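Undergrad: Sequences listed follow chains A and B, in order.
Sequence positions in the first sequence follow our numbering and run 1186 to 1905.
Sequence positions in the second sequence follow our numbering and run 1186 to 1905.
It is possible that some hints are incorrect.
One copy or any two copies: either way a pair holds, since identical chains are not told apart in the list.
[Claimed, not checked] Okay, derived cross-link-like pairs now, DSS-like style, lysine-lysine, Cα gap no bigger than 27 Å in a straight line:
no., residue 1, residue 2
1, K1397, K1356
2, K1356, K1545
3, K1432, K1606
4, K1356, K1710
5, K1397, K1305
6, K1856, K1356
7, K1641, K1397
8, K1432, K1856
9, K1469, K1856
10, K1352, K1552
11, K1330, K1299
12, K1469, K1710
13, K1397, K1531
14, K1353, K1292
15, K1330, K1397
16, K1827, K1606
17, K1606, K1552
18, K1515, K1305
19, K1397, K1606
20, K1856, K1352
21, K1552, K1353
22, K1515, K1469
23, K1469, K1305
24, K1545, K1352
25, K1303, K1724
No lab work stands behind these hints: they were computed from the structure.
Source: prediction; values computed, not measured.
There are 2 protein chains.
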Amino acid sequence: GAGADNDLYINQAIVFIEDAIQYRSINHRVDSSSLWLYRWYYSRTCQWILSLTITVILALAFIEEPSSLTVTSDVRYRLPAWNPPCGLTESIELLCFLVFVVDVSVKSYLIGWKEFWKNKWLMAYILTLIVYLTDWIVSLSFFCKESVRIRRILRPFFLLQNSSMMKKTLKSINSTLPEMASVLLLLAVHLSLFTMFAMLLFARTKDNQQDKEWVVYFRNLPDSLTSLLVLLTTANNPDVMIPAYSKNRAYSIFFILFTVLGNLFLMNLLTAIIYNQFRGYLLKSVQSSLFRRRLGIRAAFEVLSSLKETPASAQQSCVSTGALLQVLQKAEMDSRCKQAIMRSLKMCSCDQLSAAQFQKLFEELDKDAIKQHPPSPEYPSHYLQKMQLAFGHPYFGYLGNVVALANIISICVVLVMDADKQPSERDDFFLGAINCFFILYYLLEMLLKILAMGLKRYLSYSSNRFDGLLTIILLILEIATFAVYGFPHPGWRPEFMGLLSLWDMVRLVNMLIVFRFLRIIPNMKFMALVVTTLLDLVKNLRAFAGILVVVFYAFAITGIMLFKGAVVPLGNTRYSNFLQGAQKNSRAEFTGSCAPFSIKKVVVLYFKGKNTISWCSTHFQAEVIYCVLYVLSIHLICRWAKIYFVAWWLISSVIWVNLFVALLLENFIHKWDRHCQRESLSDIEYQRTVELMFRDVLEEPTEEELMEKLHQHPHLQLCR
Amino acid sequence: GAGADNDLYINQAIVFIEDAIQYRSINHRVDSSSLWLYRWYYSRTCQWILSLTITVILALAFIEEPSSLTVTSDVRYRLPAWNPPCGLTESIELLCFLVFVVDVSVKSYLIGWKEFWKNKWLMAYILTLIVYLTDWIVSLSFFCKESVRIRRILRPFFLLQNSSMMKKTLKSINSTLPEMASVLLLLAVHLSLFTMFAMLLFARTKDNQQDKEWVVYFRNLPDSLTSLLVLLTTANNPDVMIPAYSKNRAYSIFFILFTVLGNLFLMNLLTAIIYNQFRGYLLKSVQSSLFRRRLGIRAAFEVLSSLKETPASAQQSCVSTGALLQVLQKAEMDSRCKQAIMRSLKMCSCDQLSAAQFQKLFEELDKDAIKQHPPSPEYPSHYLQKMQLAFGHPYFGYLGNVVALANIISICVVLVMDADKQPSERDDFFLGAINCFFILYYLLEMLLKILAMGLKRYLSYSSNRFDGLLTIILLILEIATFAVYGFPHPGWRPEFMGLLSLWDMVRLVNMLIVFRFLRIIPNMKFMALVVTTLLDLVKNLRAFAGILVVVFYAFAITGIMLFKGAVVPLGNTRYSNFLQGAQKNSRAEFTGSCAPFSIKKVVVLYFKGKNTISWCSTHFQAEVIYCVLYVLSIHLICRWAKIYFVAWWLISSVIWVNLFVALLLENFIHKWDRHCQRESLSDIEYQRTVELMFRDVLEEPTEEELMEKLHQHPHLQLCR
């Protein structure tokens, strides 16, 4: 009947508006039961369960067989890691697998059969699940003793396919690949030509004393290529040229030319190209997000205008305010936006809304969220008012900063004085007394500020929340210290009692005080700008970070598979042989006496299959690159390891860092421009996303484009 | 009389137009004799003498007392460098000094007394000359035995003040300093807070086995600061965290946080800021160049319009074409521009030129120089025409590339096969025969191309010039080889004869063949784009390179003064003590057995005063940074060296590299945009400068601005 139809239309409108808010595609089924399923699937609970499943399946690697969640990384000291019995991780995997099967079925059903065949991501998802199940069955039939587990490499795919932002970013990266490949090709040509030059230049001579360069770095083609590749990463920079340079200064020209062309020009050109290409694609993807939003709102308008209550005689299609109010009440959206839209709907006295008016109402969604702080309390007493004026003044905050600085300086002085003292000679009295005084001041400051601003206003500033939280933690720590060790007095150096020693307590307090000093940041204008840029960047970087996690995970698992058993703990003959080779070929580290020890450690750290996963997952790429270069400079590694590490260097150092620089440049330049435009508005905090950053340059889609797209909708039949 | 006046006006116009062409300021004296002096001063001969003087005075450092222009850099092997007798370099200096005195007097006279006091560069010039003379007198009175020669540090100033582009660039860099200082301050805060954290975290414990981290890296405040500063440059990257990491994996969080915040965020933020700031200033300086050009042309128009022959009754001021022709003939300018202006002057039939027409005539100066290749010869014979078609076709060039590639591959195969052979086992027959064949092909290719294109057209392409030159050199080398060693035959391995051994000759030929392979570049589209970008960059980079030379020179001289006598050759007790300290404190290099040897070499290389100048001047900064970091990681260096090297790192690595990246980004993005706009025009080569790059965004100065500026001219009294 008409009532059921109307209900369906209302439900459709609700879902379309929710799609618009979340920048989702509207190309899904729109019958009643599908809409229910769609809203259920995108409900918070369901999405939360899905995220949890992905986290669990990724985290499994930390407890699975070659894991190393031990405190120390040193094989000589550490206890064997806990090995879960066969079947435990497998049953968790099965549970996750079932969730993914439900996920993929619901997704496939919702977009419909025709769309399914066009969606490569969904097909890949199903394929991945099939391979996963097969490998799981194989694993169980071998009682978990199988040598290769390919399903582990597949796991990051689940993370990738669940985030539309990550898919979009991946698409952007994919589009810049041709240009990157051109520069990489150029780099390869550069490298190979210079390798040939080097081999001709540093050829073997009759005098064995004279060809040190040849012996160490340019013995054959793979050696020369490696030497120059490592020079490209500047890891072996002065070393590689020193034998030749010491023979004749002119040889340095070769190395200088190579470095200038390769490092200064080609590498930076890569940055320029990635910046140039990526900038365009980021804008494009934001533009398509905007289109999705406008389309969702337009679709909601169209279905609402087909409601039976609308006067059919009207020339233009329009929507009654009542219907819209009904939709708004049921739709899930940010309460601030909802209220703003309701308010403007009430202010607009008209009964019927045209398409343009409808679209305009929802522009609230695109606006920056402006955060307003609650007002200060109004005290009746004249005395209290004066106190409020004094302690609410910025100067009181500056005084607090000065006191914090004084505290830092006093800690620093004590540290410098105590630097070389034996722990038994140390006297904690001075620092204890001073910190006690400072923490009391911090407490007083916090209380006075709360008095002046009122608790609500105080807590509405993030700097105050940071400040207050740290002050309370410091207070608790100080009280605990006094409760266990008594009040400070000269020679205050009691023995170990309770959970932490006094010295550890004092150190912890000092660290927190140093950390608390960061409260000065918002007071320094340029610093505040930089820090907000960085925070924005972190927000916009989530998709990048996700892709990085995917890459890390895949590399870590590959590393485990490649280097499994390459290094075994001390005492084993194979390892000793390995170590002797290492000593012969690689450079010694640290002081001469512990050289074999440190090489061993490095090898143990980098080559042991059991360790690679936690190493790679806890060590950020900047760290890893240099380890890799370090490892590359040790000549003993096998060819596979070389290829693995070169790939890792290219992806994590060259490409990822350049993408990061591009994003940072983009963010900073936009931010800086806006900052220069409105320096005066200081009390307003904007919450900005990548969509909002580009708003000035985005193009609004035209009505024709929207309607054309709507008519192409696979499931929605519009009346007109 | 009127004739003399007219001559003066014509001369003024000539000088103003020359000023406009060279982007010079027109604020100089304009009376007859001053104009003569001005043209003399800016004549090629005078400017060439000035440049030569600057080169000579800068090059003096290479032969002055602590110089090291020896073949080897190793103090153990090298002969003592030639020491010029006292008075030789001093008399050369006096000559240069006299040239500079003439230079500064002429410059000061020409801009006039009033302007002189406003010009800080001129004042600094005079001051520098006074200090220079004083130091020179001191030096002579000590018979060249004085310990400190401050005048050496002053020398690069002469280079700086002579180039207006360098002064402009320096001004731009200067303007970005506040923002850079902010980020550097942020870096300093970051560093000091983390240092305090580190000192609290890695404090001395009672167990001596447990505090390796404290012993090696965080013993006291300077040590900790150095460790983290070096970590910021990623030179000690995995090493610094390994003792702590091996104790507890969680310690790595500290180092990861430090690296991510410092290296990934703050350092790249510096790039973003420099790019953002510098972009604006570069544009601004180009804008002011444009203004100078327009002003010069306008000034020429104004003086020409005051000529007596002009009808005084005309309402608008205007210039007769005759006067302009007279001026053009006498003015020194690019002949292409001159002809183009003459041509348009003749095409314009009018007798009198208005200001706008006058300005428009000179727009030719702003245009890209379009290089046109001369036509191919037209042969009468049908057979020759067919040959011309065949060998002038691009496919013939591609065939040449394929042959060159084949040659490269054959060399590469021989190199791989011969890599491990003893020199006595080597047989040069195969390579000799193959190269002989290939070189004949190259010769044939060159001759056929010349036949098809004609010599003029052939030489008008730079790729052909490159190709032909290398082919001729190869041919000469090959003929010389055959003349000395006879034709190749199996077992072709004669003993050393003549200037070079056969093996060296073959190697040289191979290197040239590898070098010749670069001719493929223009055939690959993207490579060609990249290479032209790089070449453009090199053109625009001259000012940067000049400033870099200034910085290098100053650092090298300071280094000589600071580290003079810090290292003395082997056998001396002081040096042995030094070496023992080095061995104890620093990490050994290369293989274990030659560790003390290599440390010695490093120390000898970097710390010896006699060597610093040539080291710094011949080694590009990318090289030096890593040496510096390397040296920093050796803990024995004194405090002065530390400060010196940190300053060097900041200036040459952080600031200069970022400036370079900014310039490259700017260049590439502009180039890329233009490249995308007109991909079809492939035969036209543009010669582009930094001025032309920005032309689309430059604003033309208005008539009012120009006239206001003209009326402020200190020496020129306009009639109206």
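Undergrad: Taking each numbered hint in turn, which are not upheld by the structure, reported in ascending numerical order?
TA: 1, 2, 5, 7, 8, 11, 13, 15, 17, 18, 22, 24, 25
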